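Number of protein chains: 2
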Amino acid sequence: MASAKPKFPAIKPGGSLILAWQVKGKHVVVVGGGEVAAGRIVHCLNADAVVTVVCPTSGLNPEVAFRVSEGQVKHTDRNFEQSDLDDADMVLVAIDDPAASTAIWKLCKERRIPANIADVPPECDFYFGSVHRDGPLQIMVSTNGKGPRLAASIRKFIAKQLPSNAGNAINSIGNLRVKLRSIAPDPAESRKRMAWMTKVSDTFSWEEMCKLTDEDMDFLLRYYPENKAPSFSELRIAQGAPDPQGVDPFDGSFGFSVGA
Amino acid sequence: MASAKPKFPAIKPGGSLILAWQVKGKHVVVVGGGEVAAGRIVHCLNADAVVTVVCPTSGLNPEVAFRVSEGQVKHTDRNFEQSDLDDADMVLVAIDDPAASTAIWKLCKERRIPANIADVPPECDFYFGSVHRDGPLQIMVSTNGKGPRLAASIRKFIAKQLPSNAGNAINSIGNLRVKLRSIAPDPAESRKRMAWMTKVSDTFSWEEMCKLTDEDMDFLLRYYPENKAPSFSELRIAQGAPDPQGVDPFDGSFGFSVGA
Numbered sequence: 001m002a003s004a005k006p007k008f009p010a011i012k013p014g015g016s017l018i019l020a021w022q023v024k025g026k027h028v029v030v031v032g033g034g035e036v037a038a039g040r041i042v043h044c045l046n047a048d049a050v051v052t053v054v055c056p057t058s059g060l061n062p063e064v065a066f067r068v069s070e071g072q073v074k075h076t077d078r079n080f081e082q083s084d085l086d087d088a089d090m091v092l093v094a095i096d097d098p099a100a101s102t103a104i105w106k107l108c109k110e111r112r113i114p115a116n117i118a119d120v121p122p123e124c125d126f127y128f129g130s131v132h133r134d135g136p137l138q139i140m141v142s143t144n145g146k147g148p149r150l151a152a153s154i155r156k157f158i159a160k161q162l163p164s165n166a167g168n169a170i171n172s173i174g175n176l177r178v179k180l181r182s183i184a185p186d187p188a189e190s191r192k193r194m195a196w197m198t199k200v201s202d203t204f205s206w207e208e209m210c211k212l213t214d215e216d217m218d219f220l221l222r223y224y225p226e227n228k229a230p231s232f233s234e235l236r237i238a239q240g241a242p243d244p245q246g247v248d249p250f251d252g253s254f255g256f257s258v259g260a
Numbered sequence: 001m002a003s004a005k006p007k008f009p010a011i012k013p014g015g016s017l018i019l020a021w022q023v024k025g026k027h028v029v030v031v032g033g034g035e036v037a038a039g040r041i042v043h044c045l046n047a048d049a050v051v052t053v054v055c056p057t058s059g060l061n062p063e064v065a066f067r068v069s070e071g072q073v074k075h076t077d078r079n080f081e082q083s084d085l086d087d088a089d090m091v092l093v094a095i096d097d098p099a100a101s102t103a104i105w106k107l108c109k110e111r112r113i114p115a116n117i118a119d120v121p122p123e124c125d126f127y128f129g130s131v132h133r134d135g136p137l138q139i140m141v142s143t144n145g146k147g148p149r150l151a152a153s154i155r156k157f158i159a160k161q162l163p164s165n166a167g168n169a170i171n172s173i174g175n176l177r178v179k180l181r182s183i184a185p186d187p188a189e190s191r192k193r194m195a196w197m198t199k200v201s202d203t204f205s206w207e208e209m210c211k212l213t214d215e216d217m218d219f220l221l222r223y224y225p226e227n228k229a230p231s232f233s234e235l236r237i238a239q240g241a242p243d244p245q246g247v248d249p250f251d252g253s254f255g256f257s258v259g260a
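Residue numbers (the UniProt record's numbering), protein chains in the order written: chain W, 1 to 260; chain P, 1 to 260.
In case anyone wonders, no lab produced these hints; they're calculated from the structure. Just so it is clear, the structure is predicted and the values come from calculations on it, not from any experiment. A hint or two may mislead.
Since copy identity is lost for identical chains, a pair holds within one copy or between any two.
As the list claims (entries may be wrong) - Listed below are the simulated EDC-like cross-link pairs for lysine to aspartate or glutamate, each with C-alpha atoms no more than 16 Å apart in a straight line: (1) Lys-109 x Asp-89; (2) Lys-7 x Glu-35; (3) Lys-12 x Asp-48; (4) Lys-109 x Asp-87; (5) Lys-109 x Asp-48; (6) Lys-160 x Glu-207; (7) Lys-106 x Asp-202; (8) Lys-106 x Asp-86; (9) Lys-12 x Asp-134; (10) Lys-24 x Asp-87; (11) Lys-74 x Asp-48; (12) Lys-106 x Glu-81; (13) Lys-156 x Glu-207.
The following block holds chain W by itself, in its conformation from the complex:
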């Protein structure tokens, strides 16, 4: 019996489940104080985690020692002990001791604590990748363990392509949503708000989004009541910017009326 094949996304097995883990105020225990640990610590602090480094002072590299001395991380000045897991929400191990690493991994699994043992893929609930950061924007490149250096190279390539103010686009959208909620706070209007945000997002290229000023946004909100979204150039022209096309900004030729 022949049947039309439904057009749903094809499954592409073999990847990871890439997730933006929320560790704000969570307790991450980093075991080790070398270069790998230093990298992990930066990732965690960038995500507002509370970090404890477990490592004898003699084993801290200059960067980790610096973060300890600045109070950016807590420091347990000895080798790992089981009690270090008592209030851990996540454990990252980066020590040159496979037996000790495996022992810590097993303890974490008994306690259902997510853990990563550096360089031991089977003893990892998750892998790290190469992350580009621009304000609220984070782009993570993973090669699923096949080429960490290439991941970093791809991440740099991507960063070079992005407009320098890409993070601003996201802040703009976030601000626009907040402003919108303040002029149209009715919970019953949530569907209308969402539909308009979608319309604006679909109308503007994200490069244009980057250029949106606070003034632009306030003006843009005037289009909300009628659920209209002007193009970026229409928006600028409507505000009285010089019109490259010679069109009178207020002649109604854009097919929508400007509320105000």
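Knowing the structure of chain W, use the given hints to seat chain P on it.
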């Protein structure tokens, strides 16, 4: 007392900890069968998870119903019950019932099961982002909840910039590493192998890496014994490709001798 400030990466708080979660063979419970659930299911199947959808058949949308009928996911044909968590490694909730969602979240937290309640940020251990996938390459764009549609738009922008065979570059590097290990299997040589892989990765642009054929790689390995890395054009010329510069490929003018 003035002291030189160490030059370590500055902390940029406010982000997430983006991780490539390993869920191969792990049990992910998806509660709900609508559009959001459908998206979650694809993410999980792409990462080789074992997925159970908990939702009455009447609540399944066509895509989820299709995945159930194809046996891609297991199906529990009723509303959520506490026992659904018994062997869950991760729980994703996407139902239009805030009270039930919160109850599930609390149960997950009691049992230390990582969970995501769609559209309820405070009840999420992690957020999803927009993911580009090309073979082993995964690029995840997160706006940290500020603009999901913009994340998708940035993801598409990035995908457009990448060479169409970017995933191949990663497979190439992976293959080269495997080939290298087979011609130089001595564990004592691991440092030399790593140094050479690094040299090659640093010499080739990743666009060039994409173009590496199997033949190129076999030829490239001849440079390993002397820890040399030719440029991509040198490699092609050395193999007898037409030389745009008119240089005799074997006159030794590249500054290294070709082993073999």
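Hint check, failures only: The structure breaks hints 5, 7; every other hint is satisfied.
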